[in-house]
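Undergrad: Read off the chains here:
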Amino acid sequence: MSLEKQDVLKIAHLARLSLDDNDAEQYQNSLTSILDLVEQMQSVDTNGVEPLSNPLEAKQRLRDDVVTEGNRRNAFLANAPQTEAGLFLVPQVIE
Amino acid sequence: MNWEVVIGLEIHAQLSTNSKLFSGAATSFGAEPNTNTTLVDLGMPGALPVFNKEALRMAVMFGHAVNAEIGMTSIFARKNYFYPDLPKGYQTSQMDDPIVGKGHLDITLDDGTMKRVGITRAHLEEDAGKSLHEDFHGMTGIDLNRSSTPLLEIVSEPDIRSAKEAVAYVKMIHSIVTYLGICDGNMAEGNMRCDVNISLRPNGQEAYGTRTEIKNVNSFRFIERAIYTEIERQADILEDGGKITQETRLYDPDKDETRSMRSKEEANDYRYFPCPDLLPIELTQEYVDQIAANLPELPKQKADRFMSEYKLSEYDAGVLSATRAMADYFEETANVAGNAKLAANWVMGELSKYLNSESKDISESPVSAGHLGGLLVRIEDNTINGKTAKSVLQAMWDGEGSADDIIEAKGLKQVTDTGAIEAVIQSVIDANPAQVEQFRASDEDKQKKMIGFFMGQVMKASQGKANPGMVTPILNKLLKG
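Protein chains in written order, with my numbering: chain A, 1 to 95; chain B, 1 to 481.
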C-alpha cells in the first residue's frame with residue numbers, strides 16, 4: 001500500500017507539524033515502507049489469537065484516591081514562554 | 001410531512017473522587033488556575049499515569065445500577081486531537097473494551113407509562129483543561145486544573161423519541177449518579193454535561209436520517225429547548241428538499257438557536273489506539289459482586305419503600321424520591337415530625353412553594369429538615385394550628401430561628417386552657433346578642449351553618465391562637481345555653 005502526498009499532509013496537519021515539499025516526500029516514502037511491512041504482517045494467520053493491547057504480562061496497578069501533590073504552579077509556569085494571572089498563554093485558538 | 005424524532009444522548013458525569021483519574025492532584029472546583037496540576041496533568045514527557053482505584057469502583061457501581069454487563073477486562077485508549085488545553089495531544093479514554101457494557105434504564109413518561117432506554121456503554125476518560133479566550137492581548141489563557149479529572153461518559157441507544165423523553169432520561173441518570181454518590185450532579189458547574197444526537201426520519205421509515213450533535217448542553221431546561229429548536233431546524237431543511245449536514249452544533253440559549261461548531265470531517269479523525277502507558281484493567285468476579293452487594297438504595301427502590309413504609313401515594317413517593325437530596329430531606333423531616341404524611345404534605349406543598357419562588361434546590365433550603373420537622377411537631381401536639389404554622393414557616397425561611405424560638409418570641413402558642421377558651425367564647429356571645437338569638441331560634445341544620453360565624457369571631461378574638469378542636473364543643477355548649 002502506498003500513501004499519497006495528500007495523506008501525508010493530512011496526517012501532518014492533524015499533528016500540527018509543518019512540512020515543506022521535501023519533507024513531505026521523504027515522509028511519504030518512509031511511511032509507505034512502514035505500511036508495506038504491516039502489509040506483510042497481515043498475511044500471518046491470527047485466527048484464535050486474542051488482540052494484544054500491551055506486551056507486558058501484567059495488569060494495571062491501582063492508586064488509592066488520595067491527594068498526594070500540592071500546588072507547584074510557580075515551578076510549572078516558570079517553564080512557559082508566556083504566562084498571565086496564573087494561566088499559560090498560547091496563540092489565540094478561536095477567531 | 002410527519003417526522004419521527006430519533007435521539008441518543010451522551011452524558012459526561014464528573015466522578016466525585018478526591019484526586020484525579022491519573023494523578024494525585026486535587027479535583028476541587030473553583031481553585032486558582034493551575035494550582036491543581038501535576039507533571040502528569042501537564043503532559044510532561046516521561047510523566048506516567050497511575051489509575052485511581054475509586055474511579056474504577058464508581059464506574060462499576062454505575063454499571064450495576066443500569067443492569068449492565070461489567071467489562072471484566074477493560075482497556076484505555078488514546079483519542080488523539082490537537083488543542084492547547086489538552087497538553088498531551090490525546091485524551092485517555094476507552095474505545096473497544098469499556099468498563100461498562102450494554103445495559104438499560106426505565107423512565108416514567110408524563111402519562112405514567114414506563115419506557116425502557118438502552119445504554120450502549122459507559123466508559124472512563126479524563127477531562128481536558130479549560131481555554132479562556134477573553135482579554136489576554138489576543139492570546140488564549142490555559143487553565144489545566146480540570147485536566148485529568150475523571151469522567152464517566154454514558155452513551156444511550158437511539159431509543160429516545162422526544163424532547164420530553166430526553167429530559168426524563170437525563171433526570172433519571174442524574175438521579176442515579178447522585179443516589180450512588182458518584183457525581184455531584186451540579187450541571188451549572190459542569191459536573192454533568194450532555195451531548196444530544198438528533199435526527200429525523202419520515203414516520204414509518206426504518207433507516208435513520210443524518211444526525212447532528214449538539215454539544216455540552218448544561219441544564220434540563222436547555223436540553224428540552226435545544227431539542228425543540230434543532231427538530232424545527234432539521235424539519236425546515238428536509239421539507240424544503242434540503243439535506244442535513246452531519247456536524248457538531250452548539251446551543252445558544254440567549255438566541256434559542258443551534259449553530260454549527262465545526263464541519264471539517266477531519267475533526268473526527270481521532271486515530272484511537274490502546275494506550276501503551278496503561279495496562280489492561282482486570283476485575284475479579286468477587287470484586288464486582290461485592291460492589292453489587294453494597295449498592296445503596298436507588299430511586300425506584302426508594303419510591304417503593306416510601307409507599308410501603310410511610311403509606312405514601314405513588315405520586316408523592318415519586319416526587320419525594322426524585323433526587324437524593326429531596327428524599328433525604330423528606331425522611332429526616334418525617335422522622336423528626338413523627339408523621340410522614342404531614343411531612344410529605346409540607347415538603348411538597350409549603351416548602352416547595354418557597355423554594356420555587358426563589359428557584360432554589362432543596363439542598364439550598366434555608367430551613368433545614370430538622371427545623372421543618374420541629375415545626376410539624378408543634379402542629380402534632382396542638383401547640384399551634386396549621387394556619388399559624390404557615391406564618392412560622394415564613395419566619396423560619398427569613399432566618400428567625402427554630403419553630404420553638406419563633407412561637408415563643410411571637411407568643412403564637414395556641415390556647416388550650418379550657419377556662420381561657422371559655423372566656424373568649426363568652427365574650428363573643430356577649431358581643432353578638434342578635435346572632436345568638438337567631439341561632440337559638442333555628443333548627444339544627446341551620447345551626448350547623450351558622451356556627452362558622454361564631455368560630456370566625458372566636459379565632460379573631462384569640463388572634464388565631466385558640467385550638468379549633470377545643471373551641472367547637474365549648475362553643476356548641478355555650479350557644480345552646
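If you're looking for bench data, these hints aren't it; they were derived computationally from the structure. Computed from a predicted model, the values in this text were never measured in an experiment. A portion of the hints provided could be inaccurate.
[As the list claims (entries may be wrong)] Straight-line Cα separation of at most 30 Å, DSS-like style, residue types lysine-lysine; simulated pairs: (1) Lys115/B <-> Lys130/B; (2) Lys115/B <-> Lys79/B; (3) Lys130/B <-> Lys5/A; (4) Lys53/B <-> Lys59/A; (5) Lys10/A <-> Lys360/B; (6) Lys10/A <-> Lys79/B; (7) Lys53/B <-> Lys115/B; (8) Lys449/B <-> Lys410/B; (9) Lys10/A <-> Lys387/B; (10) Lys390/B <-> Lys360/B; (11) Lys102/B <-> Lys59/A; (12) Lys59/A <-> Lys79/B; (13) Lys130/B <-> Lys460/B; (14) Lys10/A <-> Lys390/B.
[Unchecked claim] Only some residues are given here: those of chain B computed to face chain A with a beta carbon under 10 Å: (15) Thr35; (16) Thr38; (17) Val50; (18) Ala55; (19) Ile75; (20) Gly89; (21) Glu309; (22) Tyr310; (23) Glu314; (24) Tyr315; (25) Val319.
Glycine is no exception: its CB is placed at the ideal position from the N, C-alpha and C atoms.
Undergrad: So, for every hint listed, does it hold in this structure?
TA: Results of checking the hints against the structure:
{"no.": "1", "hint": "Lys115/B <-> Lys130/B", "in the structure": "violated (37 Å)"}
{"no.": "2", "hint": "Lys115/B <-> Lys79/B", "in the structure": "violated (34 Å)"}
{"no.": "3", "hint": "Lys130/B <-> Lys5/A", "in the structure": "violated (35 Å)"}
{"no.": "4", "hint": "Lys53/B <-> Lys59/A", "in the structure": "holds (13 Å)"}
{"no.": "5", "hint": "Lys10/A <-> Lys360/B", "in the structure": "violated (51 Å)"}
{"no.": "6", "hint": "Lys10/A <-> Lys79/B", "in the structure": "holds (17 Å)"}
{"no.": "7", "hint": "Lys53/B <-> Lys115/B", "in the structure": "violated (34 Å)"}
{"no.": "8", "hint": "Lys449/B <-> Lys410/B", "in the structure": "violated (33 Å)"}
{"no.": "9", "hint": "Lys10/A <-> Lys387/B", "in the structure": "violated (74 Å)"}
{"no.": "10", "hint": "Lys390/B <-> Lys360/B", "in the structure": "holds (19 Å)"}
{"no.": "11", "hint": "Lys102/B <-> Lys59/A", "in the structure": "holds (24 Å)"}
{"no.": "12", "hint": "Lys59/A <-> Lys79/B", "in the structure": "holds (21 Å)"}
{"no.": "13", "hint": "Lys130/B <-> Lys460/B", "in the structure": "violated (63 Å)"}
{"no.": "14", "hint": "Lys10/A <-> Lys390/B", "in the structure": "violated (69 Å)"}
{"no.": "15", "hint": "Thr35", "in the structure": "holds (4 Å)"}
{"no.": "16", "hint": "Thr38", "in the structure": "holds (5 Å)"}
{"no.": "17", "hint": "Val50", "in the structure": "holds (4 Å)"}
{"no.": "18", "hint": "Ala55", "in the structure": "holds (8 Å)"}
{"no.": "19", "hint": "Ile75", "in the structure": "holds (5 Å)"}
{"no.": "20", "hint": "Gly89", "in the structure": "holds (8 Å)"}
{"no.": "21", "hint": "Glu309", "in the structure": "violated (34 Å)"}
{"no.": "22", "hint": "Tyr310", "in the structure": "violated (36 Å)"}
{"no.": "23", "hint": "Glu314", "in the structure": "violated (39 Å)"}
{"no.": "24", "hint": "Tyr315", "in the structure": "violated (39 Å)"}
{"no.": "25", "hint": "Val319", "in the structure": "violated (34 Å)"}
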